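Q: Residues per chain are reported as follows:
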Amino acid sequence: MISADKLVDSAPFGLACFRIARDESGIKINRFDLFKMNHAFRLLLTNEDNNFDYQKELKLDSILEFFQKEKESVNYNQLYYSTENSAWYKLDCWIADSTWLMISVKEKVEKRITDEIFAKLSTQFAHLSGKEFFEAISAQIAQVLGIDYVFVGKLNHDALSISVLGGYEKGSIMSEITYELAGTPCQNVLGKKLCIYPQGIQNLFPQDVLLQEMGVNAYVGSPIMSKDGEPLGIIVALNDEPFATTNQIVQIINLFIDRVTAEMQRYKSEQSFQESQLRMKSIINSMAEGLIMQISSGEIVFSNQNAEKILGLTNDQLLGKTSMDPSWETVHEDGTNFPGEEHPAMVTLKTGAPQKNVLMGVKKKDGQLSWISVNSQPIFGEENAIPNAVVVTFNDITETKKITSHYSTILQNSIDGFLIHDKKGKIVEVNDAYCRLIGYSREELLKMSVSDLDAKESGKVLIEHLQKIITSKSERFETKHKSKNGKIIEIEVSAKYIDYGYDYIVVFIRDITDRKIYAEAIKKSEEKYRNLFNTMPNGYYQSVPDGKFIDANPAFIEMLGYKNLEELKQVDIKKTLYVQPDERDEILTHNAEFINQEENYRLRKKDGTTIWIEDNARYVKDSKGNVLYHEGICRDISDRIKFEIELRKRNSELDRFVYSASHDLRAPLSSLLGLINLVQTMTDDQESEFVKIYQMMEKSVKKLDDFISEILDYSRNHHLPVTNDEINFEEEIYQIIKSLDYLNNGVDWDLSVSINGNNTIKSDKKRLKIILNNIISNSIKYLDTSKQDPKISISIEQNPNEAIIDISDNGIGIKPEYLKRIFDMFFRATEKSTGSGLGLYIAKETLEKLNGKISVHSVFGEGSTFQITIPNFVG
Amino acid sequence: MLAKKNILLVDDNNIDLFITQSFLKKFCGADTIFTASSGLEALNTINSGINGFPEIIFLDIKMPEMDGFEFLNEFEKLSDERKTNCEIYMLSSSQDPSDVQKSYLNPFVKNFISKPISQDLLKSLFNK
Chain A
1 MISADKLVDS
11 APFGLACFRI
21 ARDESGIKIN
31 RFDLFKMNHA
41 FRLLLTNEDN
51 NFDYQKELKL
61 DSILEFFQKE
71 KESVNYNQLY
81 YSTENSAWYK
91 LDCWIADSTW
101 LMISVKEKVE
111 KRITDEIFAK
121 LSTQFAHLSG
131 KEFFEAISAQ
141 IAQVLGIDYV
151 FVGKLNHDAL
161 SISVLGGYEK
171 GSIMSEITYE
181 LAGTPCQNVL
191 GKKLCIYPQG
201 IQNLFPQDVL
211 LQEMGVNAYV
221 GSPIMSKDGE
231 PLGIIVALND
241 EPFATTNQIV
251 QIINLFIDRV
261 TAEMQRYKSE
271 QSFQESQLRM
281 KSIINSMAEG
291 LIMQISSGEI
301 VFSNQNAEKI
311 LGLTNDQLLG
321 KTSMDPSWET
331 VHEDGTNFPG
341 EEHPAMVTLK
351 TGAPQKNVLM
361 GVKKKDGQLS
371 WISVNSQPIF
381 GEENAIPNAV
391 VVTFNDITET
401 KKITSHYSTI
411 LQNSIDGFLI
421 HDKKGKIVEV
431 NDAYCRLIGY
441 SREELLKMSV
451 SDLDAKESGK
461 VLIEHLQKII
471 TSKSERFETK
481 HKSKNGKIIE
491 IEVSAKYIDY
501 GYDYIVVFIR
511 DITDRKIYAE
521 AIKKSEEKYR
531 NLFNTMPNGY
541 YQSVPDGKFI
551 DANPAFIEML
561 GYKNLEELKQ
571 VDIKKTLYVQ
581 PDERDEILTH
591 NAEFINQEEN
601 YRLRKKDGTT
611 IWIEDNARYV
621 KDSKGNVLYH
631 EGICRDISDR
641 IKFEIELRKR
651 NSELDRFVYS
661 ASHDLRAPLS
671 SLLGLINLVQ
681 TMTDDQESEF
691 VKIYQMMEKS
701 VKKLDDFISE
711 ILDYSRNHHL
721 PVTNDEINFE
731 EEIYQIIKSL
741 DYLNNGVDWD
751 LSVSINGNNT
761 IKSDKKRLKI
771 ILNNIISNSI
781 KYLDTSKQDP
791 KISISIEQNP
801 NEAIIDISDN
811 GIGIKPEYLK
821 RIFDMFFRAT
831 EKSTGSGLGL
841 YIAKETLEKL
851 NGKISVHSVF
861 GEGSTFQITI
871 PNFVG
Chain B
1 MLAKKNILLV
11 DDNNIDLFIT
21 QSFLKKFCGA
31 DTIFTASSGL
41 EALNTINSGI
51 NGFPEIIFLD
61 IKMPEMDGFE
71 FLNEFEKLSD
81 ERKTNCEIYM
91 LSSSQDPSDV
101 QKSYLNPFVK
111 NFISKPISQD
121 LLKSLFNK
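Residue numbers (this note's numbering), protein chains in the order written: chain A, 1 to 875; chain B, 1 to 128.
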């Protein structure tokens, strides 16, 4: 290692070497003693070798101070102005081997420039701040150094971008742009060091679009750091051409960096102050209350938007005005004058005591009286007992006031009890109705609290309830009040908390003692019905259309074999309960149109067996006609149905037996008839004895055949159900006439049929046929062949209720003494009769099944008229 | 007229078979008449094809072994050639309305004739 001595001598630049003197501990530096300085150092700083006070000129004190504080490994830079040379020099100071302080001087800073800039810093720039300062200083640096761009930018809150605060761009002011740091040289600068790229900057940072656009080639950037070492921003110099004198640029920037840093810090705090002011202002303006601030003289110095709105004055009109201003027209609640010196603001200013909820009427410019509830809060200066300002807040409670004044006029006459109490329950107003109800006078009540009256809640519970009302704003509940004479009164309470400048709870009270009594009575009566419902032998249910039960009585539950209602409610009615699921839909559709429709259907019990139900059901609908539910009263008719099924089976068997018997009886007869017919065709001589005998045989067999048919009809009439068919009389009558053709005995007779009325009736077609067949066959059988024009006329009158059928003939007629007996079984009225005596009997019996009537009018020898009345089954 | 028509009479009552045959021959000119005494026999005859395929069948209802309606069920299952050109007339002394109804519901039944058969009816049905 070369000695300090030699180093100083051989250095190609100015170098001075000082020995370090330390204290006893050997740690703290006490002073620097000059050891040696070389010729270059001497030459640069001074021409005079002798009179150079290095201690003063080199500011060794500040160097000492620096190294006492900072690490000894750090370099210290210091500017030195040589009066001899009128030039600035930069001194590099460092400590070597813990023993020597070395100070080197390389080259002088351009004097002209520095002079100019420093002059400007102290004169022109001194009054500039913020953007203007940054612009001016950027322009200055750019101009003196002859470079294209210089700007100062702040690091934004996101620490990812830079916003230009002020800059110089080729002869004009740079626009305020913001750019992302990523991929730019500035990113390196913010790594807390000076960065110098004398040329080719674009190639080094290809991602920096801005650099490309500007077309710059050279770059110098220096970070602006706070005292705490946090980066605040950046100062950047750029040039289209490579830098000629990089050192000079760096020196200049270093000269200005402190001033720029100071301005940056000032700018930043100003910004955040302004931001917080804006925030505060917007908060104050968005307050629901009006807010004004008055200083000790009573003068208004601030007002928010709501204050202006409530008082009906502009900001300009408010500012400077005092409470004592004669233009205020303010009144108390009772209408008396409210002088300015008594306004809460003035009271607070005078006494220092805040004022709460002071009610004040303010006459606005338009003559309207606004009611405001005013609070005032003092602001004390340092160590002052008397406030130097007051903040006044107020609400417009004109509407609330209107309501309460409304209350006082009409509610005094209200039949409902009414009272107002405060948050703690103390009564402040009460109406006559409540006084009458409770038995206390108004004066007594105004000294009382709700806790004195409430017979249900007291103490903590009551306070909690009041708190609940305040939170929820309003509540409706039932409670009991105790009257003066000790009677407990059931009341319904509707309480409303009015906080708008009042802090009161307004309460309506209704005596519901009677209602309670009624409710009790209704409850008892419902219980009675419930008992009936629970004990009645018929099943009762309520179900909803989608197929679930909502209620059922024990009989119904038992009927279906379920344990309880809960179990029954789980049942899917359609799928589980109905033996034929589609049947439910059919019944429901059917029942939608009918009320109290009776339906029979099968249901499956819980154990899987089926029962028959007779259900008297209906829909229960709301006032708009929407179905609420479906209810029905049911009986288990399984036994009845079982018998009915059995009976039907028996009847059907009987029917089959009758037919079978009649067939077996008729079969040989028809064979015989067939043979007789065959024989008759074998001869052409219709007058021969044989033919006549065969004809007699035929008649005799037919008589037997008819008799069998009659017995069949009779039997069927008794056991077959009555059907309901549409009747076409014309067709029926012609069919009958045709089938009776064989009866005519070769006699020609006339038939006339007239059918009147457009209504077709409904009845049992087969039975009707039996009836008509018997009457008409009689008419044919007993035609009077001695008369010239034997005839039968049938007329039918149809109306919506019935059909009246007249069958008249001009036949032999019936003797009067027989008329009463012709409908008797086996009665035959004439020796001419070929019948069995069953025909009219069966007709009458059958007609009875149809609820019809038959009457006869006959004159012996002239003819007979039978009248049949058949009711229409529909209707 | 029923000349050259293949006619099958099905009835368990020989007298009725005789009567029907006589009427058909005498009044309708029928010349090819076969008989069967039950539905089963009729079915076998048709299936065997020895008498050709009937064009007209007169069918009684009440018969042993296989009654008229049972025969109709089996007849329906026969191959098309055996039944396509065949008309069936029920011929019965039954007065049971359900028998009449059932007969008319069957697509192969042309008419229901109540015994005894009559000259006039036959003429009106076949001699047009």
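Wrong hints could be hidden among the right ones.
As the list claims (entries may be wrong) - Capping the alpha-carbon separation at 27 Å, the derived lysine-lysine pairs in DSS-like fashion look like this: (1) A:Lys193 - A:Lys71; (2) B:Lys102 - A:Lys766; (3) A:Lys575 - A:Lys524; (4) B:Lys25 - A:Lys765; (5) B:Lys25 - A:Lys766; (6) B:Lys5 - A:Lys702; (7) A:Lys642 - A:Lys624; (8) B:Lys102 - A:Lys769; (9) B:Lys110 - A:Lys738; (10) A:Lys703 - B:Lys5; (11) A:Lys692 - B:Lys62.
No wet-lab data here; the hints were simulated from the structure. In this text the structure is predicted, and so the values were computed from the model without any measurement.
Q: Against this structure, judge whether each hint is valid.
A: Hints and how they fare:
no.	hint	result
1	A:Lys193 - A:Lys71	18 Å, holds
2	B:Lys102 - A:Lys766	17 Å, holds
3	A:Lys575 - A:Lys524	38 Å, violated
4	B:Lys25 - A:Lys765	39 Å, violated
5	B:Lys25 - A:Lys766	37 Å, violated
6	B:Lys5 - A:Lys702	33 Å, violated
7	A:Lys642 - A:Lys624	42 Å, violated
8	B:Lys102 - A:Lys769	20 Å, holds
9	B:Lys110 - A:Lys738	21 Å, holds
10	A:Lys703 - B:Lys5	36 Å, violated
11	A:Lys692 - B:Lys62	33 Å, violated
Checked against the numbered hints above, the structure breaks hints 3, 4, 5, 6, 7, 10, 11 and satisfies the rest.
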